[in-house]
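Undergrad: Join these two chains into a complex; the hints should help.
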Amino acid sequence: MTYLQANNRSNKRQKRTILVSGIVVLIIAALIFWTPHFFPSIFNTIVRPFWRMEFSLQSGSLRSPTQLLNENENLKQQLADAQVRMQTIQATETENAELKAMLGRASTTPRILAAVLKRPPFSGYDEIIIDAGLDKGFSTTSLVYASGNILIGKVSDVLGETSKVTLFSSPGQKYDVLIGAEHAPAVAVGRGGGQYEAQLSRDVKVVEGDVVVSPSLNDKAFGIVTGVLSDPAQPFETVLFAPPVNVYQLRWVLVNVKGK
Amino acid sequence: MNKKILPRIIIDLILFLSVLNGWWFVALPLGLIGAYMYAHFVEIIIAGIIYDSLFGYIPGMGNRAYIGTIVAVVIYGTLSGLKKVVRK
Numbered sequence: 240m241t242y243l244q245a246n247n248r249s250n251k252r253q254k255r256t257i258l259v260s261g262i263v264v265l266i267i268a269a270l271i272f273w274t275p276h277f278f279p280s281i282f283n284t285i286v287r288p289f290w291r292m293e294f295s296l297q298s299g300s301l302r303s304p305t306q307l308l309n310e311n312e313n314l315k316q317q318l319a320d321a322q323v324r325m326q327t328i329q330a331t332e333t334e335n336a337e338l339k340a341m342l343g344r345a346s347t348t349p350r351i352l353a354a355v356l357k358r359p360p361f362s363g364y365d366e367i368i369i370d371a372g373l374d375k376g377f378s379t380t381s382l383v384y385a386s387g388n389i390l391i392g393k394v395s396d397v398l399g400e401t402s403k404v405t406l407f408s409s410p411g412q413k414y415d416v417l418i419g420a421e422h423a424p425a426v427a428v429g430r431g432g433g434q435y436e437a438q439l440s441r442d443v444k445v446v447e448g449d450v451v452v453s454p455s456l457n458d459k460a461f462g463i464v465t466g467v468l469s470d471p472a473q474p475f476e477t478v479l480f481a482p483p484v485n486v487y488q489l490r491w492v493l494v495n496v497k498g499k
Numbered sequence: 008m009n010k011k012i013l014p015r016i017i018i019d020l021i022l023f024l025s026v027l028n029g030w031w032f033v034a035l036p037l038g039l040i041g042a043y044m045y046a047h048f049v050e051i052i053i054a055g056i057i058y059d060s061l062f063g064y065i066p067g068m069g070n071r072a073y074i075g076t077i078v079a080v081v082i083y084g085t086l087s088g089l090k091k092v093v094r095k
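Chains A and B, in that order, are what the protein sequence lines are. This note's numbering applies: residue 240 is where the first sequence begins, and numbers increase by one. This note's numbering applies: residue 8 is where the second sequence begins, and numbers increase by one.
Isolated chain B (complex conformation) (with noise of 0.2 angstroms):
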């Protein structure tokens, strides 16, 4: 097994339990270490998703029902960007 797919995999667990309590400032900070050391942590989008499916996604509310998902296509993006200027 390589050996970064068990901490990823650790990291997974854990941004999706804290995901499934709502604890965003678990997984925030979780979802921005994944995005920097893995390539293609689409994990955080999903996450993103299933945050705003279980706690938001209220009619009325607006753009701010969606601050999951916005936020986690911000890090991937941004992140994914930032790792290629970064490690030149």
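Only chain A is shown next, with the shape it has when bound in the complex (with noise of 0.2 angstroms):
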């Protein structure tokens, strides 16, 4: 009799662990179905301050006084080389501004900087999370570029102060580009780890250091071309190519805000 009575209560108990659980699963799947930012929202706020945090200590803020102002001398010997290469790129750049505002084509759009908050392979989704959102008029328009004018993806959510970039070499991503000194139209298919592939017609002729480029008024360089696997069976050859930047070192990006 006892021993019934305590089955029932084990029962009884289950059984609203289950409702209660199951209430909670409701409430949570309808947060994220008519809230999708409530939760992101949350925990990327408690978490920027320790991303942030991590981001300066990898920059090198606890290391010695010694070993920073070395790092500092050096450092100022490097941009005293680069400027005086930079005055050359400058000047080319100019020129080419000059020629693009006579023929009323000039670029308009503003770059800010963002710092990589966290990058593949560890993030998840092979995405990247930069430190500036909505704070700095980001949208899901916004392109992504590394430095050296790389395009490299764009921005695929924003909050508050963080946003999430999807890399167009993540899995399944497509983005039109042009390809060798033909600059042949293809199609960039992602592969993860920022690598693309792309099909074209045997006839094209490409090879291994080819320039990859999106096709813009301003061609903005998107990858090298690294490898072509060609089977004389097939009319097509699958062209293989990545960014001149590593995407697992990206530290700092700069990010197009429209309308601004």
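Derived by calculation from the structure, the hints in this document are not laboratory data. Every value quoted in this text rests on a predicted model; they were computed, and no experiment measured them. Beta carbons are placed, not taken as given, at the ideal position from N, Cα and C, and that holds for glycine. Treat the hints with caution; some may be incorrect.
[Stated by the list, open to error] With a straight-line cut-off of 27 angstroms between C-alpha atoms, the simulated DSS-like cross-links for lysine-lysine are:
no.	chain 1	residue 1	chain 2	residue 2
1	A	Lys251	B	Lys91
2	A	Lys459	A	Lys444
3	A	Lys413	B	Lys11
4	A	Lys254	B	Lys90
5	B	Lys11	B	Lys90
6	A	Lys393	A	Lys315
7	A	Lys251	A	Lys315
8	A	Lys254	B	Lys91
9	A	Lys444	A	Lys413
10	B	Lys90	A	Lys251
11	A	Lys375	A	Lys393
12	B	Lys11	A	Lys254
13	B	Lys11	B	Lys91
14	A	Lys413	A	Lys393
15	A	Lys375	A	Lys459
[To be verified] Far from chain A by the CB rule (all over 12 angstroms, computed), these chain B residues:
no.	residue
16	Ile16
17	Asp19
18	Ile40
19	Ile57
[Unchecked claim] Now the stretches of chain A that chain B is said to cover, found in silico as 3 or more residues with beta-carbon under 8 angstroms:
no.	segment
20	264-272
21	277-283
TA: As structure tokens, then:
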């Protein structure tokens, strides 16, 4: 008799647990469905200071003063060298901008620098997380560039002070590009880890080291051909390419801010 | 303090630290161990939601964006049932 009572009590408790769990799951599912930014806003706000701190530590905030001074000297020297080279590039860029302005095609899109808080391979979903969002006027149409004007992705989700950037090299992502000296049009398909592939007719001559650009007036650099896979039985060849920067080592990116 | 509580707290701490860093390859085995060892290891579901909140939930990504939460719920449900069968 006593055994039956205990069993009944246990069954009741089990039912109550299942009921409560079901209600909690339903509430969470409803929140995710109706307000997709509810949980991301909360957790990103909590985590952002830790990510910023990690970024600062990786940037060398805790190194000894001697080390920092030495590095500072080295960097100053490198900067001086780079400035000399930059002057030549700047002259060309100025000439380019002037010519475009004369033709009424000057670029007016401002860019904002953002720190990369999380990057592949540790961030999930082959994306990067940057430390600016709505506060800097980013939107889901903003394009993202690595240093050297290299197009690497676009902002896919914007929160208050962080944004998620989907890389064009993420698996399944597609982007129109022009490949090689002949500017052969193709669709770059992301393979993950900063790698792309594209199908081209075998008649188009593409070799390792050819430049891949995005088809726009400013011809943004997109990647460098790293390999060409050709099968004599197939009319197409597969061109493999990667951006000249390593997405695993990105620390800063530039983000286009439209409408500002 | 219950002897089982301290290891659970340690597992929770490592679990959440790895989730914050996006180390799913650390969080997943820890979640499996925790869900098997402890009753009502709801931390795994919370960890799944946090992981997706930080790295997923991207519009246009489809169901892939919820993979953390889905995997966590599946592990929790499967191991809860499995435990009962194994420990009979």
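Undergrad: Next step is simple, just say for each hint if it's right about the structure.
TA: Results of checking the hints against the structure:
1. A:Lys251 x B:Lys91: The hint holds at about 18 angstroms.
2. A:Lys459 x A:Lys444: holds, 21 angstroms
3. A:Lys413 x B:Lys11: Roughly 50 angstroms between the alpha carbons, so the hint for lysine 413 (chain A) and lysine 11 (chain B) is violated.
4. A:Lys254 x B:Lys90: holds, 18 angstroms
5. B:Lys11 x B:Lys90: Since the Cα atoms of lysine 11 (chain B) and lysine 90 (chain B) sit roughly 17 angstroms apart, the hinted pair holds (cutoff 27 angstroms).
6. A:Lys393 x A:Lys315: violated, 33 angstroms
7. A:Lys251 x A:Lys315: violated, 73 angstroms
8. A:Lys254 x B:Lys91: holds, 16 angstroms
9. A:Lys444 x A:Lys413: Between lysine 444 (chain A) and lysine 413 (chain A) the Cα gap is close to 22 angstroms, so the pair holds against 27 angstroms.
10. B:Lys90 x A:Lys251: Given that 27 angstroms is the threshold and the Cα spacing comes to 20 angstroms, the pair holds.
11. A:Lys375 x A:Lys393: Status holds; Cα separation ~15 angstroms.
12. B:Lys11 x A:Lys254: Measuring from Cα to Cα gives roughly 25 angstroms; hence the hint holds.
13. B:Lys11 x B:Lys91: Holds, at roughly 19 angstroms.
14. A:Lys413 x A:Lys393: It holds: about 12 angstroms lies between the C-alpha atoms, which stays within 27 angstroms.
15. A:Lys375 x A:Lys459: Status holds; Cα separation ~23 angstroms.
16. Ile16: holds, 19 angstroms
17. Asp19: holds, 16 angstroms
18. Ile40: holds, 21 angstroms
19. Ile57: At about 5 angstroms from chain A, isoleucine 57 (chain B) fails to clear the 12 angstroms cut-off, so the statement is violated.
20. 264-272: Three-residue rule met by the segment 264-272 of chain A, so holds; n is 3.
21. 277-283: With 5 residues close enough to chain B, the hint holds.
Of the hints listed earlier, those the structure fails to meet are numbers 3, 6, 7 and 19, in rising order.
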